[in-house]
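Student: Each chain, letter by letter, is given below.
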Amino acid sequence: MKVLAAMSGGVDSAVAAARAVEAGHEVVGVHLALSRMPGTLRTGSRGCCTIEDSMDAQRAANLIGIPYYVWDFSEKFKAEVVDDFISEYESGRTPNPCMRCNERIKFAALLEKALALGFDAVCTGHYASIFSDDEGNLELHRSMALAKDQSYVLGVLTADQLKHSMFPIGHTASKDEIRAEAAARGLSVAAKPDSYDICFIPEGDTQDWLAERLGSTAGEIVDMEGNVLGNHQGAHGFTVGQRKGLQLGKPAVDGKPRYVLSVDVISNRVVVGPQQALAVVELSGDKFTWCGKPKDNPETFFDAHVQVRAHGEQVPASVAVVDGALVMRLEEPILGVAPGQTAVVYLGTRVLAQTTIDRTVSAVDAFSTGSASAGA
Amino acid sequence: MSVYLDNAATTPVRPEVLTEYTKYLQLLGNPSSVHTSGQQVRQALEEARESLAKTVDCDRSEVLFTAGGTESTNLAIKGIFWQRNTEDSKRNVIISAGTEHHCVIDPLEWLESYQGAEIVLVPVNFEGELDLSWLSEYLITNHDKVALISLMWANNETGVITDIKAVTAIAKAYSIPVHSDAVAAFGHMPTSFRESGLAAMTISAHKLGGPVGVGALIVSRNTKLVSIIHGGGQERGMRSGTMNAPAAKAFALAAAVCQQNLQAEIQRTRKLSERLIAEVTAITPSISLTAAKANRLANITHFTLESASGESLLFLLDQKEIFVSTGSACQAGVNRPSHVLTAMGRTEDQAKGCLRITFGHESSEADVAAIVQELPAAIDSALKAGLSSQ
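Going down the list, the protein sequences come from chains P and X. The first sequence begins at 492 in the working numbering and counts up by one. The second sequence begins at 786 in the working numbering and counts up by one.
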């Protein structure tokens, strides 16, 4: 196959490209330029987007012995990922920009361009595996390296996208193994630090970055009954489940810590309450997609697992499509789920579906905003 | 066999130039040393200066060797600006154009940001031609504010030629010095410095069969400029640092060979370009010759492809070992929409679909045939990929 290896300049995508070459594919390395004003040198724990990262990718491609190009996706990235990130926060939701990037850039714009230019597949350094079922349908599964598993952020892939995707490092037991392999191959990125931060936010300071773009209007912090407990300098700085940084003068009556329960951008109010009020027992989303072959009889509730964060635990759930929405009834409540987050449904290790969460149902009837809190 | 059609980026070093270069690399001595060993290198350097002066058509002492076009241009623009601004602080305007190379635009922007310069751009039309009547008008009322004018002789992306003599004729009435970036023009069209009326002219070796890393700034003897590199006071005190005699020798020879074959080479590359233009524009109505009506260099041909990105075309041709360019400057391998094309009134999307094919002394009919054969399929795929990267 003719394979486009997306190379961020990190160790995972470099080893993935090398393995694709060894598997006998004709491989071309492509670095995605996602920033119009790339920094010169890497800072903090951001893993891509600087010129240094692009040079790292080029050096890796040279050593692997494959052609290398940089393709400019900066405008698309800004429109589809960065602007989306800002507007989601503006609506009081908590988006996942890495998922957006996979959904709209890596496995959409890049894949489409690759196919048009004669490639058969795009290969990345994600920790996830693609298997074929007995009928030849492709399935996305968790990586063997559970600690690094990235199947969650790939949940947006459709059956057709899976056909053109390759994750050569998904079957690896651990990141250490990848680093050792990179070192053995003489790749200088072998010891490059892992990236954690959002690539387009310098120094990982999301709140300041958002405040610069959205402005900050002071407002009230209230409890579930609407009593004013304090003030904030901008509602978008808060995330559901957040405990630190509330700066409330008065302690709670029960003396227990308080958490952000919801962010209402219209009234510019942040609602706080006890930890148990964060517990959510049901999630649903209208815009869901199947990852690979859809479930048979999806209108009947079936047993599955649900994960709501990239590195979160999965919880057992009963899942079905109800009135066109994907509904997930959780067997164990999970804390602090915000509309805008993505829920991914697993059958065993297989990724079955994903949706952006539109509604949550609280475990606590006392949650006075009603049993459902609707996102924008 | 690969096909190299990116000679405006750099050219193959001519075999006789390579021989000359390596011969002088073996010569021991610092040209500033007083002993015989140093003097023999000094002799080589001065032979090179004399030879290059003859090719450029200037005095020997008007040739300042530098490490390349970008350095020469920085020295000219900053040096003349500081000189003229120091003489009269009213003079803070630098006149240039939006189609200039980054080695002009970036020093201008720097001077504007940090040194109080004011940048005034001559209007450019859709064909990439400058509105010189606007320049005349502007100078009537503003001439006393102008420190210098810097306009390129020929554009490195589109090949569009500016009538430099007309520019200097306008400036002469007010004694305003004119600098010209002649990197694309020199060696590819007649560029007599003596007849040009220029105060300073930038030239570079690797665009005409010489090595990378050597250029020159030709500075007329009555032009004063402030040095930007300080040290041992070499090169009339304007460019300190040990002189690179082997590179100067190689540059001078490459330039002389170019000059000798100039008319024949212009005719030869003109013929290649005419065939290329006829065959490429016949592929699809989506592709057209840029600046078709303008006076252009024979060796630079620039096409604009609608609804496709030059990035895709370059990739597809590269896969076939055909090496071309979009023409625009790139940073870390990223092709940005060409600032030259946007200055010529194209939208950013239009400025993305660029294909620049440039001939050099080794280019042949076979090269044209090769690209013409591969282009239809490449254009087809590039159109399918569209502007998906936006």
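No wet-lab data here; the hints were simulated from the structure. Don't be surprised by glycine CBs; every beta carbon is placed ideally from N, CA and C. Errors might be hidden in some of the hints.
Said to hold, decoys possible - EDC-like cross-link-like pairs, simulated, lysine to aspartate or glutamate; straight-line CA separation at most 16 Å:
no.: 1; chain 1: X; residue 1: Lys1105; chain 2: P; residue 2: Asp814
no.: 2; chain 1: P; residue 1: Lys493; chain 2: P; residue 2: Asp611
no.: 3; chain 1: X; residue 1: Lys1169; chain 2: P; residue 2: Asp814
no.: 4; chain 1: X; residue 1: Lys1056; chain 2: X; residue 2: Glu1150
no.: 5; chain 1: X; residue 1: Lys875; chain 2: X; residue 2: Asp891
no.: 6; chain 1: P; residue 1: Lys778; chain 2: P; residue 2: Asp814
What the hints assert, rightly or not - Residues on chain P that point at chain X, a partial pick, calculated with CB under 7 Å:
no.: 7; residue: Ala524
no.: 8; residue: Tyr560
no.: 9; residue: Val561
no.: 10; residue: Lys604
no.: 11; residue: Leu608
no.: 12; residue: Asp611
no.: 13; residue: Ala612
Student: It remains to establish, for every hint, whether it holds in the given structure.
Tutor: Right, here's what the structure says about each hint:
1. Lys1105(X) - Asp814(P): Given that 16 Å is the threshold and the Cα spacing comes to 53 Å, the pair is violated.
2. Lys493(P) - Asp611(P): holds (5 Å)
3. Lys1169(X) - Asp814(P): Since the Cα atoms of lysine 1169(X) and aspartate 814(P) sit roughly 38 Å apart, the hinted pair is violated (cutoff 16 Å).
4. Lys1056(X) - Glu1150(X): holds (9 Å)
5. Lys875(X) - Asp891(X): With Cα atoms ~22 Å apart, lysine 875(X) and aspartate 891(X) exceed 16 Å; violated.
6. Lys778(P) - Asp814(P): holds (12 Å)
7. Ala524: holds (4 Å)
8. Tyr560: The hint holds - tyrosine 560(P) has a Cβ within 7 Å of chain X, the shortest such distance being about 6 Å.
9. Val561: holds (3 Å)
10. Lys604: holds (5 Å)
11. Leu608: At about 5 Å, which falls below the 7 Å cut-off, the nearest Cβ of chain X leaves the hint on leucine 608(P) intact, so it holds.
12. Asp611: Since the shortest Cβ distance to chain X is 14 Å, the answer is violated.
13. Ala612: Nearest chain X Cβ about 16 Å off; hint violated.
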